[in-house]
Amino acid sequence: MDTLGHILNGFNVALMPINLWYTFLGCFMGTIIGILPGIGPAAGIGLLIPITFGMDPTSALIMMAGIYYGAMYGGSTTSILINTPGEASSVMTALDGYQMAKNGRAGAALAVSAIGSFLAGTFGVVALTLLAVPLAAIALKFGPAEYFCLMLFALAAVSSLTGKSAAKGVVSTVLGLMVATIGIDLQSGQPRYTMGVPELQDGVGFLVVVVGMFAIGEVFSNLEEHIKGKAEIIRLSGKLWLTREEWRRSVMPIIRGGLIGFFKGVLPGAGATIATMLSYTVEKHVSKTPEKFGTGMIEGVAGPEAANNAATCGAMVPLLTLGIPGSGATAVLMGAFIMYGIQPGPLLFEKRPDLVWGLVDSMYIGNIMLLILNLPLIGLFVRILYIPTGILLSLILAISAIGVYSINGNTLELQMALMFGVVGYLFRKIDIPLAPMVLALVLGGIMEQSFRQAMTISGADPRVFVGSVICVTLLILTVVMVLLPVVLPRLRALKAGPEDLDS
Amino acid sequence: MMIDRIIGAAALLLAAVYLYATAQIPTLEIGDPLGPKAFPILLGIVLIAAAILLFSETLKADPVTVEKPPAESRRHLWLIGGVTAWTALYFGLFDRAGYLVATVVYLLAMTAVFNPGKWVANVLTTVLWAVGSYVLFVKILGVSLPAGLLSF
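Heads up: the sequence lines are chains R and U, in that order. Counting in this note's numbering, the first sequence runs from 1122 upward without gaps. Counting in this note's numbering, the second sequence runs from 21 upward without gaps.
These aren't lab readings, by the way, just hints derived from the structure by calculation. There's no promise every hint is true.
Said to hold, decoys possible - Ranges between beta-carbon positions, derived for each pair: (1) R:R1369 to U:K159: 27 to 35 Å; (2) R:L1141 to U:G162: 20 to 28 Å; (3) U:G137 to R:E1366: 40 to 48 Å.
What the hints assert, rightly or not - Covered by chain R, per the in silico footprint, the following chain U stretches (three or more residues, Cβ under 8 Å): (4) 54 to 60; (5) 64 to 72; (6) 94 to 100; (7) 110 to 123; (8) 126 to 137; (9) 140 to 149; (10) 154 to 166.
Here a beta-carbon is modelled for each residue, glycine too, at the ideal position from N, C-alpha and C.
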């Protein structure tokens, strides 16, 4: 019953006034970041990390997590009102949400996404609470070889699932791992790839890459969109509530979306975006009138919105219990953990139960706060959309400068962030996914260390990586992941099914 | 699919440079049996494999890809190039000019280009933003930002 005590004690931590304040602040900023076009959760967390320097790590992480799941709530607003999804995980919401808004049901669309998000989000936290303890217990048995295989699997899954081409995903992953090798090698003390630049001896700063690729790169892409023309904002009209009929139609999609979202969130690589696609496809399949999807069906909003919020909770499971993030945004969150000197993983549950459970329990409270922020107060947040895009994007660049400069007070890092920004912009143009690179950057150091530790233990015998059932299983799964994008289209071509949405 | 071949070629080139740089790392006979080179060599090999995979993907893909109109994309290239250069200048003078001066100049030009014709709004936001963020970060949050020209 030790665990139950820890879980309950977590509420003591989460309910401390200071932590309630940071939960609120995180959810508030998360909602804004979700609403703002051109800045996603990964960039948002990266940009706001410097604000939390000097804060207690528990409070800081509570706030960071709030930004992460808060952004998922806010993301639906732009999808519904201006048909430009704030994040990839809100693309599905735009299909029917924007049509609902055009039909004068913007209020209902926003309401169902807030309620669906709340229900699925809360379900997700409960599932996270239940799943975390046994998973952390299993992970405690992992040695370096198992860890290496696990990371290999996570990276393979993310590379093959996040983009259109598995090869590009692998290129992105390897680039991230290569950047991670820059700096002084921890075991031999040998500098690697520093080209004599003293600033590179500590390696390329994590925030430099994140702010560059996600914030600056994203702004560049948006500037380009901006000069092409702009989207029309639909005025919020009608009551922010559902009719009895709409509510009846939304219940089952929310339940299904919540389940799909959570389990997709737990798996690396799948994440929120795929969960929303799957949920939308499922709703279309079970609907009696599938041809009406895309014309403003409330099921098409309720399901995906529930799915992406449950997925954020699911994504916290591998991050907290294994110390292995499965997506770009959770990778940035893990980077934040590491910056505070906290290594997420099974040991954290033993060493800092107050931190882990304070964080998890704060998510229950955060979900309630977000419901309030996103229902009665959504009218206020929507005003953010009236800020001229040209000004907004310029300001994000200025914030990026503060964020990067505040870490080390170094202008070379600013230029490096700009360089990564250009790289991020180009990657978006040529369809190379960014998430695998950031994930690889976060995991790179640990991955190399566990690789070398395993080899040291075995006396340089590579058979150590097939020496246990866990390793072999993970390696098989890794191979499956890599082959999946090659084999799947062929299977589908054989079937020639009508799954046009499942691309 | 031309672009994918270029990516593949760039990946091969990068792998070669990386492997060459790896070979230059001196090895000492201390520490773990693998040393600092083994993992990077593995990475180089995986990158080469990924490039080959990419080439094989381009062979399979159907060639009916419509190229974008070059005039428009060239204009965008200029735009992004210009913003990059202007931002590089901003970052370069961040220390010497100081946060306030550099940010005001940077934002005035950016908003003039991307939010054209709205002088009052642009100047107002720029100045309020620069001063407000400076006060927030330096005075309240204790983040250090360069004072530069205004340090007297």
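Hint-by-hint comparison with the structure:
1. R:R1369 to U:K159: 27 to 35 Å: With Cβ atoms ~54 Å apart, the hint is violated.
2. R:L1141 to U:G162: 20 to 28 Å: Between L1141 of chain R and G162 of chain U, where Cβ atoms are some 23 Å apart, the hint holds.
3. U:G137 to R:E1366: 40 to 48 Å: holds, 47 Å
4. 54 to 60: holds (count 6)
5. 64 to 72: n = 5 at 8 Å, threshold three: holds.
6. 94 to 100: holds (count 3)
7. 110 to 123: holds (count 7)
8. 126 to 137: holds (count 8)
9. 140 to 149: holds (count 4)
10. 154 to 166: holds (count 7)
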